[in-house]
Amino acid sequence: MSVAANSQPDQDDPAVRAAQEERLRAVWSPPSGLFLRWTDTNNNVVGIWYTLTAFGMMLFAGVLALIMRTQLAVPENDLVSASTFNQLFTLHGSMMMFLFAVPMFEAVSVLILPQLLGARDLPFPRLSAFGYWSFLIGGVFVAGSIFFDAAPDGGWFMYPPLSTNSSTAGIGADIWMLGLSFIEVSSIAAAVELIVGVLKCRPPGMRLNLMPLYAWYILVVAVMILFAFPPLIAGDLLFEMERLLDWPFFDAKRGGDPLLWQHLFWIFGHPEVYIIFLPSIGIFAMVIPTFSQRHLLGYPWIVLAAVGTGFLSFGLWVHHMFATGMPNISLGFFSAASEAVAIPTAVQIFVFIATIWAGRVIWSTPMLYGAGSLAIFVIGGLTGVMVAVAPFDWQAHDTYFVVAHLHYVLIGGTLMPLFAGLYYYWPLVTAKKLSDRLGRIAFWMMFVGVNLGFFPMHISGLMGMPRRVYTYSEALGVGTLNLLSTLGAYLFAIGVAVVVVDLCLSPQRQHVPRNPWNAGTLEWLEFAQQENWGVRSVPLIESRYPLWDQPDFVRHVDEGRYFLPDAEEGYRELMITSVLDARPLQVARITGPSVIPMIAAITLGGVFIFTTFHLYWEALASGLTALAVILCWLWTGTGIIPEKAEKHAGLGIMLPLYASGPTSPGWWAMFITMTGDATAFAALIFGYFFFWTVHTDFPPDPLPGLTGPGWYWPMLALALILAGWVLTIAARETNARGKVWFARVALAVAAAANGAGGLAGLAGPWNSGLDPTRHVYPAIVWIMAIWIATHAMLGVIMQLFVLARSLAGRMTPVYDGDVRNITLYEHFLALSALITFLVIGFFPRLA
Amino acid sequence: MICKLHKLAQRLKSSLWMLVVPPTVWALHFLFSYVYTAVRCAKSGSVEAIVDIRTGITVATVVALLLVAASGYVAWTQSRIDGDLRPYQDSTDEDRLHFLAAATLLLAGLSFVAILFTAIPAFIFEDCI
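Protein chains in written order, with the working numbering: chain B, 1 to 847; chain W, 1001 to 1129.
These are computed hints drawn from the structure, not numbers from a lab. Here the structure is a predicted model, which is why all the values come from computation and not from measurement. All C-beta atoms, glycine included, are put in the ideal place defined by N, C-alpha and C. One or more hints might be untrue.
What the hints assert, rightly or not - So the derived label-pair ranges between C-beta atoms look like this:
1. B/P704 / W/L1028: 36 to 46 Å
2. B/V361 / W/Y1073: 32 to 42 Å
3. B/P507 / W/Y1073: 56 to 66 Å
4. W/C1003 / B/A342: 37 to 47 Å
To be verified - To give a feel for the contact side, a few chain B residues facing chain W, derived at Cβ under 8 Å:
5. L208
6. L304
7. A340
Input sequences plus hints: build the corresponding full structure.
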């Protein structure tokens, strides 16, 4: 690592460099052709599709808001019916959250994270493409429903019992639940990709203390997604079981509880606000140093703010439920956390202000958006401190005061910073600047529009105007305030339209030179007429702002004087480095363009879409096809044994071409995915104990149909699954010692044990005749048993897959990533089986 | 004794896992306060429960604060190994260690305050209603 950057003599020879560039160009060439170009997986292409689609979703949801504001412009208006209005506000909120804000974070991250890290791509490019196609399919499905008068209409939080009752909520509720569940899956895929990207794909030398702050924000937010989205997925599962099969999880008449949904929804819903706020504010951490022409002050303080906010945001969810009648003392805990989160939020704002203060500021258009959005956000933050006080919230709850608060927070904290990012990063993507004049005009229209539109809502809310009403009486006296809000909304929309015009004019403009803002961070190595390969060589980092601080840095990168300047074997390659200190560990080979991610997304989407319309056979067929496609993906695209053990990575170091276990990206991906999965499982367990806490008839008296599964079958199931787990570990160990046949037999027996364990788990409730439609107790026991059985079956598929890999010579004692990854899966399976079967087998005796 | 503890604290390996110890302690304390209160309020009389809740939360708060203080102490000692090299922006082992220690120390401070915040309601409310 200490070798000087110019120690490779051959890089001085232009002919050598040209030959290297030719090989890199060939390896990284994008697919062409009318259809094949859509099979691209490179982050700079998928990121652009992703960003444009999310931007389009924002415009669509914005139009829905304008229709609402037109309806509310005057009292007793009849532009739209109550039913249409319900669909409008539900879809507006759901789309802005699920189809704009979260995907936009993923899109921007996919687009710029590799650049920030001087990497050629993300570690799992096909997973990014899969995430994009899932988002597109799910998004079009949900958004399109409004054209068929079938959009969800239960509010973006879909509270039961109205939304679970098929007489009060039609197919729109299923479209919301299943369409958005599908998108949640793609968000978790993105979280896996981004966490592994930040932790394992940093350039050599970029230790944790040198990481660009945006990458810190991405890391924190991706981890938050892992803990926030799975409870909602678990809630969606319970919700659809109630809607499709009449299992009464939220039906109070049969022991269920609608409040469980509220808990699961808001355990997701509140961190969600910070999930979309933190990455947007993270853009400032990149913009402000550039235009202050100095390093950001207080780097550890920003890390404190990002990590602290990430944690504390999970202690706020009940402040959306202050009016549900929970004990006041419980509300107090959430009120306290809601106030505490103001501390780290304020810290980062003060750090930004201090940096601006200490620097020589250039008041560019991105800075204007940044400053304006901070002002708007602070107003929203202050009303947030007000509604975090429970007695005030009881007065303001479900009024326009809350609408004003949340829009100030989300426009100031998410939308406007994204516009700052748009003006800042547009040259990075297109090599053209947007118009400063149009940008400033748009800014002032938006800034005035937001305040004109939303400030009066504070007052109309305090005067008693409720949310989600399609019209209001003149006698309420809020007509003028509403008219002002409507004017403000239109002004804001015109501002957005000016930005769109600016974007459309961009192709006619002149190219700008590379790094037009004179920024110091690594992403500005790129320039848009760039080659598809990303960076010419993966740099050695010695500073937080290498373009400012490291002499001749750009030239050395461009002349291929750092790592991986060549693609001599004809593969797309990435550097894998260690988590803390970014020491080089491996050269990983990644896969290129493929149609598989798209087909996997289409077939998996089919499962959700067919289920919405109760076409279960078609859904099953689509699911089996998806499974086959994913297995094909794994078989052909992962764990490929390289033709040699190691290669020269540049600067005189040799690195292995294969890694397994915790040094490999695949192991981390499994670990991260299973952490999310375990969170969803924890949400189900929370449900079980929630019912026990709040209902005296849980578990109910052991009448026929309500008698628990006893201990025999659950313990048998547990023993079998634990046997499968031990045998998988044995297979890993014996395989590593070269006893390949022993490992194969162990895998086969492990698969049999896991399969039998899953079935035995189901046999418990089956044999005791538990009827899941009679009461919530049988329903939750069944769902826990089904959860474990499904995971056991997935375990069986993995074990048989690894067995087949071993038989086919694709897994050997040295190249054993597959068996190490599934052992990790088995650890999680064993733990969840242990908890499940102890709870359903023994807890009824204790309760 | 204190000298030995100091040496031990310096030797502990600083990592991302250590960074999240203080906020994780906050999360566990928060979860305990919420769950314990909910169960006690649901399963016993509204006024009787409050004594249990106060005792439980006091114990939990003291334990949590001690843990956070301990992780803060470890971070503080590590941030001073070989002197304080603010602003920790070189690609060296020392700067990486000092940065992680400084960030952990800040998080310990935030978590300490947030834990105290969480404990306050138990001493203000006198019943579960």
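Each hint, compared with the structure:
no., hint, verdict
1, B/P704 / W/L1028: 36 to 46 Å, "holds (41 Å)"
2, B/V361 / W/Y1073: 32 to 42 Å, "holds (40 Å)"
3, B/P507 / W/Y1073: 56 to 66 Å, "holds (59 Å)"
4, W/C1003 / B/A342: 37 to 47 Å, "holds (40 Å)"
5, L208, "holds (6 Å)"
6, L304, "holds (4 Å)"
7, A340, "holds (4 Å)"
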